[in-house]
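Trainee: Full structure from sequences and hints, please.
Read top to bottom, the protein sequences are chains W and X.
Residue numbering for the first sequence follows our numbering, starting at 32 and increasing by one per position.
Residue numbering for the second sequence follows our numbering, starting at 36 and increasing by one per position.
Just so you know, the hints here were simulated from the structure itself, not pulled from any lab data.
Here the structure is a predicted model, which means the values were calculated and not measured.
Yeah, the Cβ is synthetic: ideal placement off N, Cα and C, and Gly gets one too.
Any given hint might turn out to be false.
Said to hold, decoys possible - Some, not all, of what chain X presents toward chain W, calculated at C-beta under 8 Å:
{"no.": "1", "residue": "Pro78"}
{"no.": "2", "residue": "Pro82"}
{"no.": "3", "residue": "Leu86"}
{"no.": "4", "residue": "Val112"}
{"no.": "5", "residue": "Glu116"}
{"no.": "6", "residue": "Leu119"}
{"no.": "7", "residue": "Ala138"}
{"no.": "8", "residue": "Leu139"}
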Amino acid sequence: MPRHITIDPVTRIEGHAKITIQLDDSGEVSDAQFHVTQFRGFEKFCQGRPFSEMPSLTARTCGICPVSHLIASAKACDRLLAVDIPPAAALLRRLVNLAQLVQSHALSFFHLSSPDLLFGMNGDPAKRNIFGVIESYPALAKDGVALRKFGQELIEILSGKRIHPAWIVPGGVAEALTEEKRERMLSMLPGAMEIAERTLEWFKGVIGRFEEEIEHFGNFPSMFMGLVTPTSATNPEALLDHYDGKLRFIDAEGKIVADQVELDCYQEHIGELVETFSFLKSPYYKPLGYPEGIYRVGPLARLNLVDRCGTPKADREHALFRATQSGPVSSSFQQHYARLIEILYGIEQIAELLNDPDILSPHVRAYAQPNRFEGIGISEAPRGTLIHHYKIDKNGAMLWMNLIIATGHNSLAMNRSVRQVAERYVKGDQIQEGMLNRVEAVIRTFDPCLSCSTHAWGEMPLRVTLLGPSGQILHQLER
Amino acid sequence: MSRLLIIGYGSTLRGDDAAGRYAADRIAERLGELPSVEVLSVPQLTPEIVLSVASAEEIYFIDAAGKGISGTWSRTVVLPEEELSNPLGHHYHPAALLGFARALCQSTPRAWMIAVSGKSFACGETLSPEVERAIGEIVTFVCSEGGRV
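Mentor: Structure below.
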């Protein structure tokens, strides 16, 4: 008779989830699933509200990446208004988007994932947590806090608030940037850059310890998707673009499958399926069907999609990163590496934007009444591509909304990764701590934001129970 | 390095819960740009604040309280918690933040909590009159502390 292992809740991720591992009679893994247990309902309760409220409302989906929702939502509203926002507004939106990228990646790397990297997957659970990092590696812990502070402070300087700012609006932004604020942000850059470079060098020095994880953590062929800069016959090079650009899909060998896809056409390429075991929808690449159309988004995907990042230091690191494998880098473990390169890119790009003379322009908002009944906004959130799709009536009231969240795009990939790790590390009647941590750790490589992706609070004890054929408890672990 | 750090926190959308925020904002206006004073007005205490906490000598936390006679306020000493409760969390209480500062930076500033009892925490952006009065008293008190540093 088959046996069941449940990890509930998964630790050190944003939001709540559990993992179920099914063993067959011989103790081998026959199936594994990643269940998202939160339900949010944004797509429903936003119906009937004025479209202009959507940036503020959808920002409340999450306290970690509200800026991402503000950006995608405002872009969808721009389309409803049928406006081109002023150039300065686009620069400022790019700036705040990158500030968020830096702080979110810092949270993921330093706070959520560093215990595994510093103490190893088999490290003493009593130390393999953020307390252990603070005690044993205080300099690294401080760097993580400082880098996150950097990103949060930029967001606050630009928009007035660190969390749920009201500054990003349909048509642009609410307020122009002053010289004083610009100077303040510029003065913060050297310190942030130092931390980013130091951490990247440290990580490259220790990555050799993780050959096993690189080989077996979510390492499987898949497509990748994300936004890239517009390309043409005379300018064929695709660079990172977290704010705008066109969609690109590549296959597991790196061949471009769909390119320069206009954002309004996303539904021709992306379908969504609801699985019964999770509140997280499962998007897939439509031409290949479900589940063959599995694709990944996020830092790893973005670095696989582009020819280079677009800033000098990040370009050098990107070249080294891509040289680690022929074709796209396929191991989900390498998301950690990709995040650090994106932090570097973010800081370099923030410097370029702050030094753009147009960024101080007082003209930062375009005004109009609704001129279209349907609007789509797509941007790159820290975790991957974020889609806001709205339909309104003639009075501007929301009729329909579809949100495809970055973590949602990775739903199939997270399931595949959990199964792959479970097949390798979970065996027999006894659950060992290191096994469980590896299953959780592979989820952490995706840095999922489950609060976002299921558009609930509660504390659950972590209990893993292995049941025998008759339902008797064979083994149980509690945290 | 700030000798005096003032942190007012709470939600500006829930009536008297904004008391700490308004107090901090008015303190910042009164004290201006004194180099030895840092004022933070934040929705909640987050881990990043630990760097400001660790570099201060004295700290005043200002927040609304749900208990007590509305409009009254108190000042109590805050000690760092002995065992870190959750440095990974998105929001802290003052003792946890002080504990984090001690663990991360070996810093132990003197700290006080100024709690003002609120009347209404319903959705809204106005303060009740008694809390307004209390904020005036708190601002005067803290600014006198700020003036001596």
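Trainee: Any hints this thing doesn't respect? Which numbers, in order?
Mentor: 4, 5
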